[in-house]
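Peer 1: Model the placement of chain V on the given structure of chain U, informed by the hints.
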Amino acid sequence: MASAYTPGLKIVSKTLVEKDRKLPLLGEVRVKKGDKVKAESVVASTNLPGNVFMVNIANLLSIEPHEIKDFLKKKEGDRVEKDDIIAETTGFFGFFKSCVRSPIKGSIENLSTATGQAVLREPPIPVEVHAYVDGEIDDIYPNEGVKIKTTATYIQGIFGIGGEVTGLLEVVSSSPDAVLEKDDIKPVHAGKIIVGGSLVTAEALQKAIDVGVRGVIVGGYDAHDLKEFLGYDLGVAITGTEEKGITLVVTEGFGKIQMAHKTYELLKAAEGMKTSINGATQIRAGVIRPEVIIPLKVEAHDEQVHQGNNGMLVGTSVRIIRQPHFGEVAKVVNLPEKPVVIESEAKVRVVDIETTSGLKLTLPRANVEIIEE
Amino acid sequence: MSKTEITSILATDCGSTTTKAILIEKRDNVFRLVVRGEAPTTVEAPVEDVTQGVLNAVSEVQELAGRQILTDDGKAIIKPIKDGKGVDLYVSTSSAGGGLQMMVSGVVKTMSGESATRAALGAGAIVMDVLATNDGRLPHQKIQRIRHLRPDMILLSGGVDGGTKSHVIALAEIIAAASPKARLGAGYELPVLYAGNKDAQAEIKETLGTKVALDITDNLRPSMESENLMPTRQKIQHLFLEHVMSHAPGYPHLMELTDEDIMPTPGAVGDIMQLISRKKGLTVVGADIGGATTDVFSVFQGIYNKSVSANYGMSYSISNVFAEAGLENIMRWVPFEMDERDLRNRVKNKMIRPTTIPYLLEELMVEQACAREALRLSFDQHRSLAVGLKGIQQERTIGDVFEQTMTGETLVNLKDLNMLIGSGGVLSHAPRRQQTAMMLIDSFLPEGLTQLTVDSIFMMPQLGVLAKVHEEAALSVFERDCLIYLGTCVAPTGIVKKTGEAVLDYVLTKQNGDVLKGTVNGGELNVVKLAVGETAKIVIHPKRHYDMGNGPGKDFEGEVSGGVVGLIFDTRGRPFKFPTDNAERVKLVKSWYKALDLYPGL
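In the order they appear, the protein sequences are chains U and V. Each residue of the first sequence is one higher than the last, beginning at 1 in our numbering. Each residue of the second sequence is one higher than the last, beginning at 1 in our numbering.
Okay, chain U solo, but in the shape it has when bound (with noise of 0.2 Å):
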């Protein structure tokens, strides 16, 4: 028989994460090979010349180019504040001074006396890469960044918007199917991470902006409260760049559907821990899903990665992933060989299962996901 192949998500309990962290241009890595770094240090940096300005001096005090020397206050190289006087005329006695003030804080750059104009630099604008995850340095990529290694509990999403955020975890919702509403967020999950069950409600996670939760993990979203989130329809599931000032993650979908078991009790046993997210997501060939890492104080790693898509079989657990029954969970009762005209009249292969509820039900093998247990 055909595996039945279903596209799976990584659920991992313990096992290696990987992270490359490099900077955008070439700088200085700032740690080496075997240290240990927490998700907020600094691994590598560099710095950006700052912004110019030009200032025509000679033109704002209404004279010659070569004579902006006679009215100079500041030097190449000199630090300026912003506002400090750059150059300055004598006036008559002492009287109807002219000057010209620094637009900005800096420095003097270069002073021209064939065209009359100061360049004026700003400072230099630091750029650094965090580790994001707590763990150590694998490996260096010089001038660029570092490969960090961390042992960890690893969930991956199904959909999510925001970048990279950490925290300490909480579980908020008392159970995979509790909805996590506006009245379960207190000023005490400020800084957290926080999981709800099966669905996060658009007040919820306005309460968790506004009371500075870093991020929110969750089995359901409304799209509905999606696109009225976002600003805009979600056309193509590209995501991550958002500057929500939050950063969510969704385990199973769209509507209001229990967290999986597995993700919950993962997400239940890491509570207090250090956990560090990101929601960018891209649904096309060569998939990025959004993910959950919780680093674990072990150094070995024991992997145990989710492979639940070799095949069903009978007695294997699935959960249904479209209408009817989206979201229950059920197992594997029958793999009916020759395909079967279902309700909507195609013919389809298709899978006899029986829900935890005890209901039968006939579907397409395409409407069902295989879960481990």
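Derived from the structure by calculation, the hints contain no laboratory data. Values in this document were obtained by computation on a predicted structure and should not be read as measured data. Do not take every clue at face value.
[What the hints assert, rightly or not] With a straight-line cut-off of 30 Å between C-alpha atoms, the simulated DSBU-like cross-links for lysine-lysine are:
id: 1; chain 1: V; residue 1: K211; chain 2: U; residue 2: K19
id: 2; chain 1: U; residue 1: K10; chain 2: V; residue 2: K181
id: 3; chain 1: U; residue 1: K22; chain 2: V; residue 2: K181
id: 4; chain 1: U; residue 1: K338; chain 2: V; residue 2: K75
id: 5; chain 1: U; residue 1: K347; chain 2: V; residue 2: K75
id: 6; chain 1: U; residue 1: K227; chain 2: V; residue 2: K577
id: 7; chain 1: U; residue 1: K297; chain 2: U; residue 2: K147
id: 8; chain 1: V; residue 1: K468; chain 2: V; residue 2: K279
id: 9; chain 1: U; residue 1: K347; chain 2: V; residue 2: K26
id: 10; chain 1: U; residue 1: K10; chain 2: V; residue 2: K75
[Stated by the list, open to error] Cβ pair distances, simulated, as ranges:
id: 11; chain 1: U; residue 1: G358; chain 2: V; residue 2: V35; range: 31 to 39 Å
id: 12; chain 1: V; residue 1: R341; chain 2: U; residue 2: E265; range: 23 to 31 Å
id: 13; chain 1: V; residue 1: E337; chain 2: U; residue 2: V314; range: 38 to 46 Å
id: 14; chain 1: V; residue 1: D73; chain 2: U; residue 2: V314; range: 21 to 29 Å
id: 15; chain 1: U; residue 1: N334; chain 2: V; residue 2: S2; range: 45 to 53 Å
id: 16; chain 1: U; residue 1: K268; chain 2: V; residue 2: D380; range: 45 to 53 Å
id: 17; chain 1: U; residue 1: K297; chain 2: V; residue 2: D380; range: 54 to 62 Å
id: 18; chain 1: U; residue 1: E345; chain 2: V; residue 2: G209; range: 54 to 62 Å
id: 19; chain 1: V; residue 1: D339; chain 2: U; residue 2: I209; range: 22 to 30 Å
id: 20; chain 1: U; residue 1: K33; chain 2: V; residue 2: V35; range: 54 to 62 Å
Yeah, the Cβ is synthetic: ideal placement off N, Cα and C, and Gly gets one too.
Peer 2: Just chain V now, with coordinates in the frame of chain U:
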């Protein structure tokens, strides 16, 4: 192996969502389709190798055929056939790479940046971001953005011909510094198209030539007042086909298995469309609607045109169809009320779990409504690209630089169209062929007499690539097993002012001498049975506001061909509008669907 020795052929098409395999065998000296199998395309963890989806689909083929094709470990195809195991030839097409997401750049955001955006959108791409010298971002922020977004292609423009070069070169330097990698990883180079100041081409080559797959075309903004988008749009389509669409994780592995180069799916389907047009001497419009992309083909005045709408499709791109078409346009085809929240969730869930199929009848109706809109939008795009003379320069004044208008006249004229051909899962696998006919009519709104056909089981891509290496086998299967004749659509142009008023009278004379006469009213659909292979003479007397091609109210004579659906009189008008009252709309749509016996229980 010589062609005459080949008796068994395996052909696959790796779509973005589903991989389809067909087995063709020579029996009684004739090549025929034996079985077909399919499996989800494997481009996501834990497999991330398109070859696995192929092997899964072939595994289904061997189960259904009742003989071994794969090696015992299931990892390769046995070739050539020996002791009844394996096949003699294996070929494949691919569109597994999915849609096209681009970054565009221009010196001035509101000038060349806007023109570049229009060119990319016109070529069917999603524009992920616009980089410009004056976009307020620092160089490292632009570089981070390029790296984060992983565009499939970058369009670099800026500077008028003969003008300053430094700004556009600086943008090229930023792209070079980002060292952008193709989304599908090692082994592929990111295509970067330069369509800026022609005087800077040498410097652009020097800056980017060794770092990306650089291609150069005419400046899309040769002067402040003129915009020349067509060469860029055509080039984007070409680069997409060559560099992005067919590629997918595991592509090199798949190449090791095939006997011929893997062909991009639209190229293969386009070859088949041209073959149909040539062999039958017909003007043709064809569409292949997939999970991520929808390809439209046309042959008018002997000129073949192909367009790839890279972000209209039924799975990965369904949410984009929804966003672009709008809720109202999708729902106008659905004959019941639906909660908007629920509908949005269902559409987004299809996007994130693209391999699922509609179990419920109402879900099938919603998907077919989305298909109508995806096809309509793709056809609009095709019309704007299918122009007679390529590269006509459109002069624009400063006042209309932000208006998007076509450059060149479209060749697509629905009154001249003889045959409409559908392919792709939603059309080929519709549970009832009437549904396919209806989707084609509603999306393309054919005028006059138009024959409707569909790819029987969605195998045109495989036959297209097979024709390259074994034309006899491809033609044999095409003639006997591929094209299903649905019937002929009879649709006068003219706006229906009052539902129920007579639009035309007809006299149909069948080959056996039977004569059928009738009157068809405005706002209606009517079907007259006419079997596959049957033809009939038809004389139509349109009422005075309606035109069958000879002018308003002028009689029309022609020949119509039968099909599994029959002769469909579409007198809803061209263009036709839906009632504003929702209850009336539902009633009307139900009456259309009932006329064609589209769905059970209506």
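Peer 1: Can you name, in rising order, the numbers of the hints this structure does not satisfy?
Peer 2: none
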